[in-house]
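All chains, please: the whole structure from these sequences, using the hints.
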Amino acid sequence: MRQLVQRAGAMFWVLLLAASISRAEPNALRAIDISRDGDRIVLRAQLGHALTTLPPSFATITSPRIVIDLPDTVNATSTMRQSLDLGDVRHVDIVQAGTRTRIVINLKRSIAHSTRLHDKEVQIILGESASATTSVTASAAEKAARIASERNAVVDIDFRRGDDGAGRVIIDLAREQSAIDVRRQGQVVVIDLMKSALPELLRRRLDVKDFATPVQEISSSVNGDMVRISIAATGQWDHVAWQTDRRLVVELKPQKSDERGNGRGYRGERLSLNFQNIEVRALLQVIADFTGLNVVASDTVGGNVTLRLKDVPWDQALDIVMQARGLDMRKSGNVLWIAPKDELLTKERLELEQRAQINELEPLVTETFQLNYQKAEAFQKVFGLDGQPGRGSILSRRGSASAEPRSNKLFVTDTPGKLEEVRRLIQMTDVPQRQVMIEARIVEADDSFNKNLGARLGYLDLNRANGGTPGIHLPGTARAAVTGNYLGVGEQTGQAVVTSGSYMPNTQFVDLPAGRIGTANPGSIGFSLFSAGANRFLNLELTALQADGKGKIISSPRVVTADQQPAIIEQGEEIPYQQATSSGATSVQFKKANLKLEVTPQITPDGNIILTVDVAKDSRGIAVGNSYAIDTKHVKTNVQVENGGTVVLGGIFTQEERSNIYKVPFFGDIPVLGQLFRQTTQLRSQKELLIFITPRIVADLAAAGAVQIR
2 MRQLVQRAGA MFWVLLLAAS ISRAEPNALR AIDISRDGDR IVLRAQLGHA LTTLPPSFAT
62 ITSPRIVIDL PDTVNATSTM RQSLDLGDVR HVDIVQAGTR TRIVINLKRS IAHSTRLHDK
122 EVQIILGESA SATTSVTASA AEKAARIASE RNAVVDIDFR RGDDGAGRVI IDLAREQSAI
182 DVRRQGQVVV IDLMKSALPE LLRRRLDVKD FATPVQEISS SVNGDMVRIS IAATGQWDHV
242 AWQTDRRLVV ELKPQKSDER GNGRGYRGER LSLNFQNIEV RALLQVIADF TGLNVVASDT
302 VGGNVTLRLK DVPWDQALDI VMQARGLDMR KSGNVLWIAP KDELLTKERL ELEQRAQINE
362 LEPLVTETFQ LNYQKAEAFQ KVFGLDGQPG RGSILSRRGS ASAEPRSNKL FVTDTPGKLE
422 EVRRLIQMTD VPQRQVMIEA RIVEADDSFN KNLGARLGYL DLNRANGGTP GIHLPGTARA
482 AVTGNYLGVG EQTGQAVVTS GSYMPNTQFV DLPAGRIGTA NPGSIGFSLF SAGANRFLNL
542 ELTALQADGK GKIISSPRVV TADQQPAIIE QGEEIPYQQA TSSGATSVQF KKANLKLEVT
602 PQITPDGNII LTVDVAKDSR GIAVGNSYAI DTKHVKTNVQ VENGGTVVLG GIFTQEERSN
662 IYKVPFFGDI PVLGQLFRQT TQLRSQKELL IFITPRIVAD LAAAGAVQIR
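Mapping of the sequence shown onto this note's numbering: position 528 corresponds to residue 529, and the numbering continues sequentially without gaps.
Bear in mind the hints are in silico, worked out from the structure with no lab data behind them. Values in this document were obtained by computation on a predicted structure and should not be read as measured data. Treat each hint with caution, since some may be false.
[To be verified] Below are the EDC-like pairs computed for lysine to aspartate or glutamate, each with C-alpha atoms no more than 20 Å apart in a straight line:
id: 1; residue 1: K452; residue 2: E658
id: 2; residue 1: K553; residue 2: D619
id: 3; residue 1: K332; residue 2: D290
id: 4; residue 1: K597; residue 2: E445
id: 5; residue 1: K597; residue 2: D619
id: 6; residue 1: K452; residue 2: D512
id: 7; residue 1: K634; residue 2: E440
id: 8; residue 1: K254; residue 2: E280
So, in structure tokens, the structure goes:
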């Protein structure tokens, strides 16, 4: 009798709870299936009620996936992930947040898609011809085409405080169809909008700590054609993102203490329980009726429990009951199997032992795998198929593998299950490597200015040659012999020959002419002053040379290589020189004077390229004995560059200014006339070296061969 009263009390509480949470039945996602229709793939989401409008959707490019939000819909598929490996579809994730259910289609590559409604189904068509079956009207299609022709842009970024202390970031976009990637990195939510623009006014940092939400700071920036919005948060929180029309909303909601108990996130609907000495099996029945799940309890589950729980998630209540009675559960679909922990562990251990025995008795099968893009020996070594000790292997104890290098085939002998694992590994790893074309530009520019000024001044007296008395006669004084600088040693001074053994006298007592610049000789202008009898001459010769030089040398080596594979390209000459050997003889050695580009690219998951670059520009320098010096310009560095972007690896700027004056003491310092007694040289030179590098990801080898080399 007492047990009947207890059961009646339990049913009374169940009816009371059911009446308290009764509400209008929402729409339900019942199943998702996939099929192929020609070149297209069609996913059908079956609902309990037909929708009147197309659900909002968006796609991401960095991690290819398509997201569709079903409003006022619950997940009735009893699963959160379905493996639909067909074509470009990997799997489908189903996430329910409140009364909204999100379908996330994970793809192998970015692909066009469209949606349409058919009775109680939402059909997602994947493929190039998907747009032919879209159910939008002609005017809407024209509007979408017009918006798609424009570049997407962020119109506004706003922040609001939501219910229960949630922080809500609202982003208004210029287009509905936008490539968006939302991900969590530690305590930061990162939002990447591909091929988008951000007005200068919105490139800012917002401090929202005073709103008492998990969100602390919102910052936005531009990186090439990508807009990045970072949301920094603190504490324990969860985030959810959804898009409606042109508005993207990211909400960060704090987790309560009961939602973080022992690291478990309790997300079930809340209930209240108040029982005195109720049987555990009856309590499990109450929870099963409340949740709608199927509960299977082992025969060893028994005993009574007294509890009073108010407004707690049902999954936390179930966890408390199982901990109190030493129980554990296993979930399969929407069925919960509850039994004592020791019983479950014993059963699982027996299953593993049976599985191991089956593997030992299972017949071996040999299968041949053709590798297309990697060497069979390399695959065999990396995955431990070569049987080397100390190296983990994916094969079973009885399995073996061998490689045939000529045909690049791999022969594996093992159980069918292990062969399936090897097949999956080959599908994931035996893929073509992406190609990268690296172009370097080495620009050398110089600007020089050179100016030389000089003068020659001389005096000649021919009175002696004409039979007179040389020199200058002043009244009341004796004649002074002023004959100039007459050395009389013509062979050494290079004077003109008059007769055998006689030369023209050297009349230049000031000889400071302008020097040569390179191979250019200075220009000159001469003046001679002489007496009435042409016996005495005063000679003046002015020389000057000015040179302006501008030059630019551009070297542009290019090379194409595979991802993470080094490549070298060089061009130049080898200069011979003699070197003494240990025996005393000489041998001819060579030194390189080359233009060399050595690079190893690495493509990152976000499409950027990390380069290990070694660029050298050597040339022949001045002569040193029987050889030449090598003028070297060298840069070696690691740098990350976006695809198609250009970065300056380094630069060298040199500037030289020089002024030289050669003059006769005292006379060269005389104003104005001092110019006749000195030589002036001015030199100004500027040289600049810049090294640019531009990497580009090439889709395939055919495209790489089509690149024009300018």
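Taking the hints in turn, this is what the structure says about them:
With a C-alpha separation of about 12 Å, the suggested pairing of K452 with E658 holds against the 20 Å cut-off. Under the criterion of a C-alpha separation no larger than 20 Å, the hint pairing K553 with D619 is consistent with the structure, at around 16 Å. For the hint linking K332 to D290, the alpha-carbon distance of about 17 Å falls within 20 Å, and the restraint holds. A threshold of 20 Å between alpha carbons decides the hint, and for K597 with E445 the separation of about 16 Å falls inside it, so the pair holds.
Simply put, K597 and D619 have alpha-carbon atoms about 8 Å apart, close enough for the 20 Å limit, and the pair holds. Under the criterion of a C-alpha separation no larger than 20 Å, the hint pairing K452 with D512 is consistent with the structure, at around 18 Å. Distance restraint check for K634 and E440: the Cα-Cα separation of roughly 17 Å lies within the 20 Å cut-off, and the hinted pair is therefore satisfied. Annotation: proposed proximity of K254 to E280 is violated, straight-line Cα distance about 37 Å (limit 20 Å).
Violated hints amount to a single one, hint 8; each of the other numbered hints is respected by the structure.
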